[in-house]
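With chain A held as given, fit chains B, C and D onto it using these hints.
Heads up: the sequence lines are chains A, B, C and D, in that order. Taken in order, the first sequence gives residues 1 to 456; the numbers are from our numbering. Taken in order, the second sequence gives residues 1 to 456; the numbers are from our numbering. Taken in order, the third sequence gives residues 1 to 456; the numbers are from our numbering. Taken in order, the fourth sequence gives residues 1 to 456; the numbers are from our numbering.
Because the hints were derived from the structure by calculation, they are not lab data. The structure presented is a predicted model; accordingly, all values stated were derived computationally and were not measured. Do not take every clue at face value.
Repeated chains share a single entry, so a pair holds when one copy, or any two copies, can fit it.
[Said to hold, decoys possible] With a straight-line cut-off of 30 Å between C-alpha atoms, the simulated DSSO-like cross-links for lysine-lysine are:
#1 174 with 144
#2 409 with 265
#3 341 with 197
#4 413 with 265
#5 413 with 235
#6 413 with 144
#7 74 with 174
#8 239 with 455
Number of protein chains: 4
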Amino acid sequence: MRNRGDKVSGLTMALIGGGSRNWVRVLMKDLALEEQLSGNVRLYDLDYQAAHENELIGNSLNSYAETKAIWKYKAVRTMEDVLTGADFVVISILPGTFAEMESDVHLPEEYGIYQSVGDSTGPGGMVRALRAVPMFTEFAENIKRYSPDAWVINYSNPMSVCTRALYETYPEVKAFGCCHEVFASQKLLAAMLKEMKGIDAARQDIKVNVLGINHFTWINKATYNGIDLWPLYSKFVDKYYEEGYGDWKTSPFATANRVKFDLFKRYGLMAAAGDRHLAEFCPPWYLKSPDVVEKWKFNLTPVSWRKNDLQEKIALSNRLVKGEERVNIKASGEEGVKQIKAILGLGDFVTNVNLPNIGQIRGLPLGAVVETNAVFSTDSVRPVMAGELPPDVHNLVIRNVINQETILKAAIKKDINLAFKAFANDPLMTAGISDAWELLRRMLENTRDYLPGWKL
Amino acid sequence: MRNRGDKVSGLTMALIGGGSRNWVRVLMKDLALEEQLSGNVRLYDLDYQAAHENELIGNSLNSYAETKAIWKYKAVRTMEDVLTGADFVVISILPGTFAEMESDVHLPEEYGIYQSVGDSTGPGGMVRALRAVPMFTEFAENIKRYSPDAWVINYSNPMSVCTRALYETYPEVKAFGCCHEVFASQKLLAAMLKEMKGIDAARQDIKVNVLGINHFTWINKATYNGIDLWPLYSKFVDKYYEEGYGDWKTSPFATANRVKFDLFKRYGLMAAAGDRHLAEFCPPWYLKSPDVVEKWKFNLTPVSWRKNDLQEKIALSNRLVKGEERVNIKASGEEGVKQIKAILGLGDFVTNVNLPNIGQIRGLPLGAVVETNAVFSTDSVRPVMAGELPPDVHNLVIRNVINQETILKAAIKKDINLAFKAFANDPLMTAGISDAWELLRRMLENTRDYLPGWKL
Amino acid sequence: MRNRGDKVSGLTMALIGGGSRNWVRVLMKDLALEEQLSGNVRLYDLDYQAAHENELIGNSLNSYAETKAIWKYKAVRTMEDVLTGADFVVISILPGTFAEMESDVHLPEEYGIYQSVGDSTGPGGMVRALRAVPMFTEFAENIKRYSPDAWVINYSNPMSVCTRALYETYPEVKAFGCCHEVFASQKLLAAMLKEMKGIDAARQDIKVNVLGINHFTWINKATYNGIDLWPLYSKFVDKYYEEGYGDWKTSPFATANRVKFDLFKRYGLMAAAGDRHLAEFCPPWYLKSPDVVEKWKFNLTPVSWRKNDLQEKIALSNRLVKGEERVNIKASGEEGVKQIKAILGLGDFVTNVNLPNIGQIRGLPLGAVVETNAVFSTDSVRPVMAGELPPDVHNLVIRNVINQETILKAAIKKDINLAFKAFANDPLMTAGISDAWELLRRMLENTRDYLPGWKL
Amino acid sequence: MRNRGDKVSGLTMALIGGGSRNWVRVLMKDLALEEQLSGNVRLYDLDYQAAHENELIGNSLNSYAETKAIWKYKAVRTMEDVLTGADFVVISILPGTFAEMESDVHLPEEYGIYQSVGDSTGPGGMVRALRAVPMFTEFAENIKRYSPDAWVINYSNPMSVCTRALYETYPEVKAFGCCHEVFASQKLLAAMLKEMKGIDAARQDIKVNVLGINHFTWINKATYNGIDLWPLYSKFVDKYYEEGYGDWKTSPFATANRVKFDLFKRYGLMAAAGDRHLAEFCPPWYLKSPDVVEKWKFNLTPVSWRKNDLQEKIALSNRLVKGEERVNIKASGEEGVKQIKAILGLGDFVTNVNLPNIGQIRGLPLGAVVETNAVFSTDSVRPVMAGELPPDVHNLVIRNVINQETILKAAIKKDINLAFKAFANDPLMTAGISDAWELLRRMLENTRDYLPGWKL
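Extracted from the complex, chain A is given alone in its bound form:
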């Protein structure tokens, strides 16, 4: 790597996972459009073929007219190969397959427990965490061995537990977790400004203070051009509380923000993630039954939908590889590349990120991975003091934080009793104690291929 102050060349990036997912292409495009950076991207995936296809697609971009920077892509077959010499490691994996995810999301329904996503918390998120932790432990061990000074960016869910597992294994790791859910909240506020004041505001100009945990983080202050947005948002919430804001039937991911609005009415803060995520971290106020979900105007996301969607993505990859279709190069609005530039010394910048709590949120346990703003600067990502949650919101959040800490320990110790402690304390867990045990045992059974060393 050579840093000339205004440009960095010879940068080496390691991508772990990604396969046929969309985000790899997003990163490729953002890199192609960033003229201050260039270098190599190594691709590693359990499915080597998928990595190889990404290599072909990535390298094809170098001949596009829009491209401003040359990046050489190369699929590799081992962790050692992907990590050695890496300046940045980007991890985005699906822990297990959709078969396991089907059990995570839908088996609990037999016990009256509905989950809208099932990848972050709830019975499904917890079992997914049990699968993911050994993978992240292995990543951390390999990073320690092959690229101990690399910066590590995690995009995988459950975000908090996965990022936490990296630090648990290799405490000196320079890792953080990224998620764009907060951006959506900024966009909602921008849309509000447009609708209620006729102002066109860029997302980045909506300044927010963020505090909480990934997918259950909160905004306690939002301004635009120096103006406090809460009075306006309060009116906006009142206006759309019953009806909702947004067409929630267009896709399984769409919502009408009614959960977000209800939480504002209860707590006076803006919950800064999509309703599908927020609902899962609360007691079953919004997820008691499919009827209740419908009333709150969001969708359960069936895994069958994900399976179909994946087929379409694979087909697209094939077309791109064969040159039947062209990559549509435009900036994504994601901040990954901007973060990388800041860490390389190409411009400081404040944004929200998931990091171990070293005091940036007063009252949450030190070490737990939390989401707040941070200053990205030369070789550093330093959290900004975010203050503390009001007691009632703290109450909601801390329960999930403690469960996350417990599930992490359960995964490391491969201890079913410990896992059950978190499982039984999940806000969505309404089953009796023996039913809860039965459900956990069945879910672990369904995911046992990914639980090496467990005594089930």
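Below, chains B, C and D without anything else, positioned relative to chain A:
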């Protein structure tokens, strides 16, 4: 007061409240039997007549043959009179009357919320706290003015919030809260030793480490003669888990300990209060409906029962005053007098007590009133480091701690929105948000005579 | 005030103090050159005449060609007048006169204690704090009354104690303390880059992580264009350790940075203030005697010099008022105006600032005023997590922090015994206990006009 | 081990070190006189012959008429043999020999640094710590392997660092450090009561609250029969401040308590160790030169004296082994056996002890070994909340705590730079930075046989 090393004479005690309740007589008897102490007892009650009757009964003890110490009792009409010159202040009041308590306990039933006691937590305990806090604030102000160096012993519920209110108002107050629920857990372990090992053990010889909050405190270590009691208790729980231990139909206070046993199976610790209290601090696992309560083999305590019981106590007082019946002087097994002696320098002693957390329980908020062991010694009650709760139990407890802190602030600020935050977050609160508001408003309306300065 | 997003007009600023000092003119010039801001500046000084002269000078700038923004200056006679309606309050006072400062700085010399500045710490800084605290307490009370939402910027020394006093009196105050000493350290690193690498680096592009207390703060990470500067600085220190860097004889403020270099050799961190300040916070390693000071190549600053200097400044003011001399309008390099803009929503920005510790420096007491980086953004100045000092530096720093907390309490309680506790524990205090008492008594006697309510 | 409730037989004790020192015989005598305990004592010493002699002497006690309990003594040759099956491990070692101690204590005198003991702090205590830590690390590893559940009692100096090293290596160790210096302070208060009030008070009846670190701990509350002793002590200090109390010329250990009195005058607390220890933790107020020491009326203890004394002890051992002299069996007044009984469940008891800070002293770092009261009970030693030191005393103490933490880390990492950081920050270190380096290097050279793995 004169302290000769082995005896203290001229001690002045102030009793606030008590009225026709049993505990005043318990204290009278324990004082009469304690030969190292003597002095004056002043009695203050909103119902002066009740205090006056206690004066007559108390003084009558001085002529009993069993009596070993002379105490002069005197009813007074003002706080200034009861407090000035007091060495110890003992507070045991009912905040409001059984009319308000009827609303506390039974109105939530219309919303599907059942409470077995309703004086410590739950919707009822919270509204009771709102009534009690201004009373304790007034006590604290008067103590600061008239007896700033006195030791203050609180027996009133909700114990944590009432004791906390004293410290909030007068941070230098030397106050602690006493409760005998832990003793019952020690007695249960003694009974277990008798039944399973044939050993006769005194309650005091069952050594326990206590940590939690009043009526929801936990024992994480119990020994007898140096022997760890957990393996035996585990067998005992297994033996009686289904059937229960103890005849729960003999009185509204009786239980079969099934809740305690279930919590041990879930968490591996002994919950150290009666089942009626424990059930109220948990999600509605044990209080979902009267049928569920019956299955867990304990009783809801209707306020109608309390009303009858009060009539019997008043009748007994009358007979005692008239000399138609004699006080049956024997030691109560309570520790109040022993605590007083220790504070006077007449023998150190370790027991459980409710005090602000200054770190004795790691992880619970500093300042919140918690229950742990403490060393009682000359002019000092110092908590013993109790360690920390396991995360899942911490999770259960912290929720209630935060609610208590919030309800205290709501009472002080007379802020219904703040009160609602605690109310809506109570583990028993299963009503929807609008029903919850309605219930709170109705309950406050029923108790409005005791909410001076509130805008309802 | 009207905020249009890119410009703010009608801003109201309150300047407290300033008199004939240079900094008022610095601020005037920076305001005149900033086209995004305009409004009114009110001037308040115990010496009304001095404020009035500043009014005249300030208004004269509006006719200068270089001026890009119109500001109306107005001297006022009361705190109410200066504060009411203020958006920003800027405080820069000399607590007392040079007569008191003469005692602060020079009386300790009779006891073998030499101070190079005497305004931040040491016997002189402590007695100055005792004078300053009641003034800042009064400011805070008036701000609470007349401009509770204003942002307050303090430039007065002792910086930490004065800023702390504002928060002690009015905990909701939005105050911070500013000091440019860290900039000088950045400039030294820039000069090093020039000399050793031939690179021209702007001060602002030297990125530093700052942690400590004002005039005794430390840089534990410094980069330029993504490059760690420590290896280079280490060589630079070795090169100039004996000889020093910089001509220390040009002015009483000049130094050869030998103290800074020695501290780097001891601790591996860059102490980020001038040698004259740094030396005063250490044991008398550098201030044992005038000979030792000379060996370390810095100067004691006699108050007689300050008196002469003041005469020159007054003469300059006179010439400016009379129009005999023109203000030389150019940007100062100070950051005050940039900070104000950020708070108004005109661009986020990270710089070092003095604020109560809410956890930004792990290990230092919460509430103590510390110096770290902070993010300036819309209506917020949020500290960035700075990490912790290495134990040996923590050791040096905490001693002064505790003394500052003690002297603050002593000033508030007007308690000479408490003041003595800090005084006797100052690192420079080598006098025996009775000499220390004598010195303190004499110093307080000399400053008694500014100690209302003290029993001396 | 068999615990019958009132008696414990078959107890196994492991004694590490002791050699020809007095304290082994003290323990033997206390065990012989304690009728509730009996069992085996295994003796391990680097000098097997010394252990063997203790075996002979110990077993001889079983035939004495005064003896109430039978203990079988057996010298062993390996750590495995001494530890396997042990219920209690008692460690009392001299780290190194008097040759190294001579360097510790006297070499610094060449640099103007005088130490009265040189075993706890100061340059000597620090180098001693560097020798001791690897020994305690080895003990901890062996305890973890051979007797993981044993209770470990440490009597070795430097007490804090040695005890801390056990926890650093084996965090689950059940270890505490014992020292009788606090008893001497209680005895001084008893003597004061006798002299000024004619009251005969037993040491144990002087109730004290203790907080600080070993040999620099403080009493902030002392009572007798419920009476606060501070007013009386204040008079006592005034009376004897100049003259001193106690004949300080009778032995190298004797003092006139003038340091203790001076510290009371400065801080209002009783420093609870002998003057020789206290002086070493302060700046060189009391140890500036031999003249100053004499003025403060205590003694430097030359190592030559210790060498002579050891010869006498060896001679005594010889006479005891040969039966030429009889052991004089009487109770020592030490509390070791009482502590062991409490841990076995034979009676709770509160006394001062050295343990990792888990919050018992607010403000001192968690994990550092501190000295406070603790409740000894069945299988538990729980610290009692001791409160916090006043800021000025905290200031004195924290400096030493941080140095101890640093020296521990230096010993573990074998890092001379880290060791220097503590060394240079010792309150007694008045030498310049290059002299300090020279002194450290010479001291380490003199002790290099005990610094395996160091690069010197």
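Exercise. Determine which of the earlier numbered hints do not hold for this structure and return their numbers in increasing order.
Key: Of the numbered hints given earlier, the structure breaks none, since each of them holds.
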